[in-house]
Each structure stands twice: as C-alpha cells, then as structure tokens.
Amino acid sequence: MTSAGATPERRAEESARRSVAAVWRIEAARIVATLTRFTGDFALAEDLAQEALADALAQWPERGVPRSPAAWLTAVAKRKAIDHWRRRERYDERIAAIAHDLEHEQDEAADALPWDPDEIDDDVLRLVFTACHPVLSPQARVALTLRVVAGLETREIARAFLVPVATIQQRIVRAKQALAEADVPFETPDRAARAARLGAVLATLYLLFTEGHAATAGDEWMRPDLAREALRLARTLAALQPDEPEVHGLLALLELTAARFPARLDETGEPVLLADQDRRRWDRAAIRRGRASLRRAEAFGRGLGSYGLQAAIAECHAVAADVDSTDWARVVAAYEGLERIAPSPVVTLNRAVAVSMAEGPEAALAIVDGLADAKPLAIGHLLPSVRGELLARLGRAEEARAAFALAAERTQNARERAVLLAKAAARA
Amino acid sequence: MQYMLIMRSSDEAVAAYQEIPFEEVIERMGRYNEALMEAGVMIGGEGLSDASEGFVVDFSADPPLVTDGPYGETKELFNGFWMLDVSSREEALEWAKRCPLGPGSKLEVRRVQGPDDFPADNEWIQKEEGWREEQAARRASA
Numbered sequence: 001m002t003s004a005g006a007t008p009e010r011r012a013e014e015s016a017r018r019s020v021a022a023v024w025r026i027e028a029a030r031i032v033a034t035l036t037r038f039t040g041d042f043a044l045a046e047d048l049a050q051e052a053l054a055d056a057l058a059q060w061p062e063r064g065v066p067r068s069p070a071a072w073l074t075a076v077a078k079r080k081a082i083d084h085w086r087r088r089e090r091y092d093e094r095i096a097a098i099a100h101d102l103e104h105e106q107d108e109a110a111d112a113l114p115w116d117p118d119e120i121d122d123d124v125l126r127l128v129f130t131a132c133h134p135v136l137s138p139q140a141r142v143a144l145t146l147r148v149v150a151g152l153e154t155r156e157i158a159r160a161f162l163v164p165v166a167t168i169q170q171r172i173v174r175a176k177q178a179l180a181e182a183d184v185p186f187e188t189p190d191r192a193a194r195a196a197r198l199g200a201v202l203a204t205l206y207l208l209f210t211e212g213h214a215a216t217a218g219d220e221w222m223r224p225d226l227a228r229e230a231l232r233l234a235r236t237l238a239a240l241q242p243d244e245p246e247v248h249g250l251l252a253l254l255e256l257t258a259a260r261f262p263a264r265l266d267e268t269g270e271p272v273l274l275a276d277q278d279r280r281r282w283d284r285a286a287i288r289r290g291r292a293s294l295r296r297a298e299a300f301g302r303g304l305g306s307y308g309l310q311a312a313i314a315e316c317h318a319v320a321a322d323v324d325s326t327d328w329a330r331v332v333a334a335y336e337g338l339e340r341i342a343p344s345p346v347v348t349l350n351r352a353v354a355v356s357m358a359e360g361p362e363a364a365l366a367i368v369d370g371l372a373d374a375k376p377l378a379i380g381h382l383l384p385s386v387r388g389e390l391l392a393r394l395g396r397a398e399e400a401r402a403a404f405a406l407a408a409e410r411t412q413n414a415r416e417r418a419v420l421l422a423k424a425a426a427r428a
Numbered sequence: 001m002q003y004m005l006i007m008r009s010s011d012e013a014v015a016a017y018q019e020i021p022f023e024e025v026i027e028r029m030g031r032y033n034e035a036l037m038e039a040g041v042m043i044g045g046e047g048l049s050d051a052s053e054g055f056v057v058d059f060s061a062d063p064p065l066v067t068d069g070p071y072g073e074t075k076e077l078f079n080g081f082w083m084l085d086v087s088s089r090e091e092a093l094e095w096a097k098r099c100p101l102g103p104g105s106k107l108e109v110r111r112v113q114g115p116d117d118f119p120a121d122n123e124w125i126q127k128e129e130g131w132r133e134e135q136a137a138r139r140a141s142a
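From first to last, the protein sequence lines are chains A and B.
Last residue of the first sequence? That's 428 in the working numbering, and every number before it is there in order.
Last residue of the second sequence? That's 142 in the working numbering, and every number before it is there in order.
Note that these hints are calculated values from the structure, not bench results.
A hint or two may mislead.
No more than 20 Å apart at the CA atoms, straight line, and that leaves these computed lysine to any residue pairs for SDA-like [stated by the list, open to error]: (1) 97(B) x 16(A); (2) 97(B) x 113(A); (3) 97(B) x 71(A); (4) 80(A) x 100(A).
Covered stretches of chain A (in silico footprint by chain B; criterion: 3 or more residues with CB under 8 Å from a CB of chain B, positions within the stretch not fixed) [as the list claims (entries may be wrong)]: (5) 21-28; (6) 236-244.
The structure presented is a predicted model; accordingly, all values stated were derived computationally and were not measured.
No residue lacks a Cβ here, since even glycine has one placed at the ideal position from N, Cα and C.
One chain only, chain A, in its complex shape:
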C-alpha cells in the first residue's frame, strides 16, 4: 500500500508489484489453461502458475517486465512442470522430448505467443467450466473463478470477502482436491450436460455479483469490487460463448443493475430504495450496454431465460424517468414469465408489487393473500410488509397496522424493524 510516509524505494517496489499484478490479470486465464493442457492436470497447472507468478514478483521489480510477459510466465511454469515430473521420477521419454522442445522454443522465439490463438479461446472456456464445476460448493466456485479466470491474487480475494487469506487458500486447495477426486476432465461439457453446466457458470457469476453488491466500498485498487469482477467475467463469457442467449441475458442483468450503483447509497451510506433513487446518477453508458445485450438475448427468438427476464425488468426501470412512468404492465409480464421458469414466493410477491402499480392494490392483495395461505414463512417479514402497504393504500388502516406490526416482529434487522413499527404507529 502506498502511504504518505513510504520511502521512494517502497513506492517503486509497490509500483512494480502493481505492474506484475496487472500483467497477471490479463494473462492468468490463458496461462493456467495452457498449462492444464500441457500437464493434463488442472490442480498441478494452477500450482505451477502461482509459482511462476511468485517468481515474477521476485524478479520483475528488479530486472524489469520482460518483452513478452506471457511467454516468460508460461516458460517458467513449464520448466517447473518438468522439474516436478523429474522429482516424481516420472521423467520418461515423452517428458524429455517436451523439455527439449521447450529449450528449443525459447531459443527460437522468446517473444512469440506461448499458445495457439485459435485454440486458446476453447481452453479458457474449458477453464471457466472447470472452475464452476457442480462438484464444487458455490463459495469454492467463486474463489477458484476469481483466482484462475479473473487472475486475482489470493490476498485480493480474501480482502474482497473480508476473510483471512488462509480461509481463501484453504477453499482453493479443497476445491482443487474435489476436482481431482471427481476426476473432472478438462473439457467443455457435451450437449447432454451443457444446459446444467452453463447454469452453474452463470449462477457463479451471479452469486459473485450479488456478493459484491453487498460488500462495502474500500480503496478501489486494494479491495477489488466483486460486482465489477462479475461483470467483467460475464463479458468474457459473452465473448467466448456468443451463441448462448442466457449468457447475454445475465450480462444485460448485471450491466443494468450496476448502472444503478451510483445512486444506491445515500450520503450516510444507507441503501436507497429503487423508487427513491436519484435516477440522474444512473450510468447511462451501462444502461446502453445492458440494453444491447438484452436485445442480443432476445434475438435468438427462443424466449428469455430467468436472467434475461430479470434484465427485462431492470430495463423497464432503467428507461423510466420515475416510478409513475414505468411500464408496469411489462414488469408484470416479465414476472409472470419468471414464475413459469423459476417459481418462488419472492417472485410472486414481486409480481404482486408490480400488479399493484399496474392495476391497483386490490388485484395485488388477492395475489398476496393467496401466497399467505401457501407459504407463510418462506418470505418472512416481506409478505406482511407488502400486505401492509396494500391495505394502507386501500384505506384499511386497522388491518394495515396489524400487518406492519407482524412484519416488525418477524424481521431480524433493527433498522427495518424501526421503520415498520413507525408505519404501524402511523395507522393507529
């Protein structure tokens, strides 16, 4: 970290370290993918890549960044692979031949790309599918993806999640063990498994985005913004898998949601509800990108998936000048679509809110009451809270008061409880 009291040497060191980190962010995925193909062992490849990065951190600040950093890092890692096999006494003729080729390669073209540009895209895609494999827990997928695909260092990931470095290290070690034990091949899934596997990738990026959403802001460089990382990875996926509509749907959802970030907190750092946000602060360029991705998702003509539908809802808000001029009928239609694909009490409750805006509180109350019979506890305090708002709008003050009081009783959050109790008191 650069601080006011840092010596010039310390500052130069830090600047060199940042340069190495920047190179790593750009090259990590391709290096790990290339090494996995080279060694046939993802866990080993990841270790070797990390060792090569450590070498770079030790050497580049003094000797300068090599002309082709990717070639340097890959060559160092490959040499380490050969040393590894030698130690394991698995140094047979095949490996001797590789070692010979490697020396030859280096003499011939130290600057050449260490991979075939026409094949590397597929390898990076295999890497994404490996890091987001369903045998891993969602948390492990997120950590592994950040490290091998996004090229974040372990300590950066730890800082982003506000957990100790050892926790992330452990998560990554266990994840690699789990992949090895399950004997996960380094390949893109076949047609039969494709939908489920892609779903796991998209869910990982979405989880990463929402985690980032909740995280507090810090020094922008020192604490990576997870939501931005998710966006970046979604763009990568859209470039590598352009023929999957839901990839564009997810990218659209993330762009349109991130567009609202500048308005999401007030001066004291408290979250601001969508209805109360200062829409002039929304990021117009992000909205434009999000809408373009949504159009791409729609252009497949197969209907939108669950991310695409959520993006369509976000778009309705993004293009409206205020709450009243929002196209609520379209919001309702999108929630109906979501209910068909991924039914849940939260989606139904959200549809009810949209219906109350499109058609009025009465129609919405019927939906909410239907939900109350079915799954009263699944949505905790949200259900009575929405019910209270609808009853208040219908002028049924006493019932509204009771609903707000029930919501206040159910919430775990002190601030929310205070707001709900105030609403109840206002109807007394």
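Position chain B against the provided structure of chain A, taking the given hints into account.
Here is chain B on its own, set in the frame of chain A:
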C-alpha cells in the same frame, strides 16, 4: 475504473501503415480487439474516417474559423479510441502497451470521469434537474 485509449498518429505513421497490406492491419487489430473483449475489459471504441473528410472549428476567431482536414500544421491526428473498464491504472497501461501500433503512433491514456468526480451541486446537474421537472410537468398536463 474506465480509461480511454486515444490513438494519435503522425502523417508518416499513417503513410507507413498504408504500406502494410490491409488484410494484415485488420487481422492485427482484430486480434487485439478480440483479446480486449475476451478479457471483459472492452466497453466501447470507434475508428475515425480519414482526416481529409474532417474539418476543424477554431474558436480563436469570432465567428469561429473553419478549416478543412487534414489541418496543415497539425503533427498528429486523432484517429480512433477504445474505452476500457479495468481494475487499475497499471492494467490500462498494460493493455495500451499491447496495442499493435508502430513508430509515429501514440496512445494517450486518460481516465474517464465518473459520477464521483462531479460535485452534487454542479450547475449542469441542476440544469438537468430543471429539465426533468419540465418534462414531468408536460407529462402531467398531457
């Protein structure tokens, strides 16, 4: 954070570039753009048509003086840009260094201002507020 990579080339660089087969130019730039997209950092960019189609409006005179391209005394011409969304200044620099340009060409790298760079009481932000109120009033009366 967002950065703009602004491409500027001297007349000689433009002439030298015309010596290289067009296919090769396209291929090199295409690969660079593809790498930017696959890294998830590219959020925009455009190339500009030849300066001979452009003109300059110079406000040193009143009324402003209009000069047709390629603007005589200018040493370097602005001929395209990329918009990148990266995590650090160093990463913007790293990407800039990889751009397939030759001698006589430069990339100027500038951070793009975000909402945090503007004070909330900015005059233009207030103007926009007035404009929005006007729109709302018009909608209400319609």
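Problem set entry | Hint numbers not upheld by this structure, sorted from lowest to highest | none
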